[in-house]
Amino acid sequence: METGLFVAYLALCSMAVGPIYYGSFASIKWPKKKKSKKGPQPHDSDSSDEESIESLSTEDAYLFPFFGSIVLFSLYLIFKLLDKDYVNYLVNAYFSFLGIIALTSLGAHMVRNFVGIKADAYRFILTKKSKVTKIEIYKTSFTVIHIGAFLLSVLLTAYYIFTKNWIASNLFGLAFAFNGIKMLSLDSFKTGMILLSGLFFYDIFWVFGTEVMVTVAKSFDAPIKVVWPKKFFGLESEEALQFTMLGLGDIVVPGIYVALCLRFDHNIYLKKNPNAAKHSSFPTTYFNSCFAAYLIGLITTIVVMHTFKAAQPALLYLSPACIISVLITGAIKGELKDDENTEEEGTKDKSVADAATEEEYVEVESLAGGAKNRKNKKSTKKNH
1 METGLFVAYL ALCSMAVGPI YYGSFASIKW PKKKKSKKGP QPHDSDSSDE ESIESLSTED
61 AYLFPFFGSI VLFSLYLIFK LLDKDYVNYL VNAYFSFLGI IALTSLGAHM VRNFVGIKAD
121 AYRFILTKKS KVTKIEIYKT SFTVIHIGAF LLSVLLTAYY IFTKNWIASN LFGLAFAFNG
181 IKMLSLDSFK TGMILLSGLF FYDIFWVFGT EVMVTVAKSF DAPIKVVWPK KFFGLESEEA
241 LQFTMLGLGD IVVPGIYVAL CLRFDHNIYL KKNPNAAKHS SFPTTYFNSC FAAYLIGLIT
301 TIVVMHTFKA AQPALLYLSP ACIISVLITG AIKGELKDDE NTEEEGTKDK SVADAATEEE
361 YVEVESLAGG AKNRKNKKST KKNH
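Using the UniProt record's numbering, read the sequence shown as starting at 1 and increasing by one per residue.
Just so you know, these hints were derived from the structure itself, not from any lab.
Worth double-checking, as some hints may not be accurate.
Unchecked claim - Keeping only pairs whose Cα atoms sit at most 25 angstroms apart, straight-line, the calculated SDA-like set for lysine to any residue is:
| # | residue 1 | residue 2 |
| --- | --- | --- |
| 1 | K84 | V7 |
| 2 | K225 | K337 |
| 3 | K29 | V154 |
| 4 | K164 | Y94 |
| 5 | K29 | L56 |
| 6 | K29 | H279 |
| 7 | K80 | I268 |
| 8 | K190 | G334 |
| 9 | K164 | N267 |
| 10 | K190 | W30 |
| 11 | K29 | P65 |
| 12 | K225 | V154 |
| 13 | K190 | T58 |
| 14 | K139 | L126 |
| 15 | K337 | F282 |
| 16 | K231 | K309 |
| 17 | K139 | Y122 |
| 18 | K190 | K333 |
| 19 | K118 | A277 |
| 20 | K84 | I147 |
| 21 | K218 | K29 |
| 22 | K80 | Y62 |
| 23 | K337 | P320 |
| 24 | K164 | L56 |
| 25 | K218 | L56 |
| 26 | K225 | N165 |
| 27 | K139 | L184 |
| 28 | K164 | V154 |
As the list claims (entries may be wrong) - Computed Cβ-Cβ distance ranges for the label pairs, DEER-style:
| # | residue 1 | residue 2 | range |
| --- | --- | --- | --- |
| 29 | L241 | L155 | 18 to 26 angstroms |
| 30 | A292 | L155 | 33 to 41 angstroms |
| 31 | N267 | I147 | 29 to 37 angstroms |
| 32 | V132 | T215 | 13 to 21 angstroms |
| 33 | T133 | F6 | 24 to 32 angstroms |
| 34 | V132 | K80 | 52 to 60 angstroms |
| 35 | A310 | I147 | 41 to 49 angstroms |
| 36 | D221 | I296 | 29 to 37 angstroms |
| 37 | K29 | A292 | 22 to 30 angstroms |
| 38 | V154 | P274 | 51 to 59 angstroms |
| 39 | L82 | P274 | 54 to 62 angstroms |
| 40 | L81 | A277 | 57 to 65 angstroms |
Note that beta-carbon positions come from the ideal geometry of N, C-alpha and C, so glycine has one too.
Construct the entire structure; sequences and hints are all you get.
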């Protein structure tokens, strides 16, 4: 194997496991300390990263391969029937907008966790107010770090749009993968196994059975994959470079399953140590097992692809590796039933009765020192 190709494969593996590792730990939610009634509340730097978590249910897992197939085949027809340049122009506009958000989130996370810089956080909340209760519609929080990361993200997005540089594209891809793993949650191992099993057959059919997957991947000029040149140290221009690639789906889908394993380890630890200090270390048996299995599956994919000189459906190897690793670990620890029945807290949908009288208002809350500033429409009604 040529040195350049070996470096390319090594780079792909690194870009795959990096978002999974850090995204998994970022997905952990530690129990919040009880607020003291006396005095101002201490500033919590983690509060600036309170994004809403999207949970996938068993029903979602069953439907995912079907909707994925519809989207994939629709894109295939669009690229076949319409002007590819025009389609990619619209796609890039959409992904550029999403990319700014993803890069801002990733940048702020890295500054806070790796550089150690902290800043006062501010919260923006949009709710509906009724006679009975307040219904939260949307909330977000931010710091000056987020503002700085946002400005840099805008500059990087502009650079990518005008140059289509592959390194900039990878930064977008890594940001999408990190945020996807951080913000997408499986409600149980059962759901995860159904999802991975369904996409196992999905990947096999669309890669081996048709030209659809490969055609869309090559035609889709957007940061939905990570790439690396086969001859990175050569003197070729960027247009002449040949790339190896890995789709973000092969990172995010197994990644949210690996993240579920880490949260399962975390829940076991908290049950045994309910008063554990925030961010304290804990055993990561299931996570280590599934993470190692993912890496082995990815290496197997690359070896088979290199041997047969043909594109491989990565989930053909990744899905069984991740599922089997959890089953084996659960069997060894005698927790196989716990694995099957595990359902994460907070994933069940909560229905709220429609209010007779609704009123929208915006609340801007400063988390620094616990001070609150509210801007709302006042409504006074007496209950008899």
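Check: Would the pair K164 and Y94 pass a check requiring their Cα atoms to be no farther apart than 25 angstroms?
Finding: Holds: K164 and Y94 sit about 15 angstroms apart, inside 25 angstroms.
Note to self: Hint check: K225 vs N165, CA-CA at most 25 angstroms. Holds or violated?
What the structure shows: holds, 13 angstroms
Next item on the list: Could you see if the CB distance from L81 to A277 stays within 57 to 65 angstroms?
Entry: This hint holds: roughly 59 angstroms between Cβ atoms.
Check: Is the straight-line distance between the alpha-carbon of K118 and that of A277 25 angstroms or less?
Finding: Given pair K118, A277 holds - Cα atoms ~20 angstroms apart, limit 25 angstroms.
Check: K29 and P65: Cα distance at most 25 angstroms?
Finding: Distance ~29 angstroms between K29 and P65 Cα, so the pair is violated.
Notebook entry, point to check: Taking only the CA atoms, is the gap from K225 to V154 under or equal to 25 angstroms?
Noted result: Judged against 25 angstroms, a Cα distance of about 20 angstroms means the pair holds.
Next item on the list: Measure nothing beyond the straight line between the CA atoms of K139 and L184; if it is 25 angstroms or shorter, mark the hint as holding.
Entry: Cα-Cα ~17 angstroms, so holds.
Check: Within a Cα-Cα threshold of 25 angstroms, do K190 and T58 meet the stated pairing?
Finding: holds, 7 angstroms
Check: Given the hinted pair K29 and H279, is their alpha-carbon gap at most 25 angstroms?
Finding: Measuring from Cα to Cα gives roughly 10 angstroms; hence the hint holds.
Next item on the list: State, for the Cβ atoms of V154 and P274, whether the hinted interval 51 to 59 angstroms holds or is violated.
Entry: violated, 44 angstroms
Notebook entry, point to check: Given a hinted range of 33 to 41 angstroms, is it respected by the beta-carbon distance of A292 and L155?
Noted result: Holds, since A292 and L155 (Cβ atoms, about 38 angstroms apart) stay within the stated range.
Note to self: Please verify whether K29 and V154 have alpha carbons no more than 25 angstroms apart.
What the structure shows: violated, 29 angstroms
Violated hints, in rising order: 1, 2, 3, 7, 9, 11, 20, 21, 22, 24, 25, 32, 33 and 38; the structure is consistent with all others.
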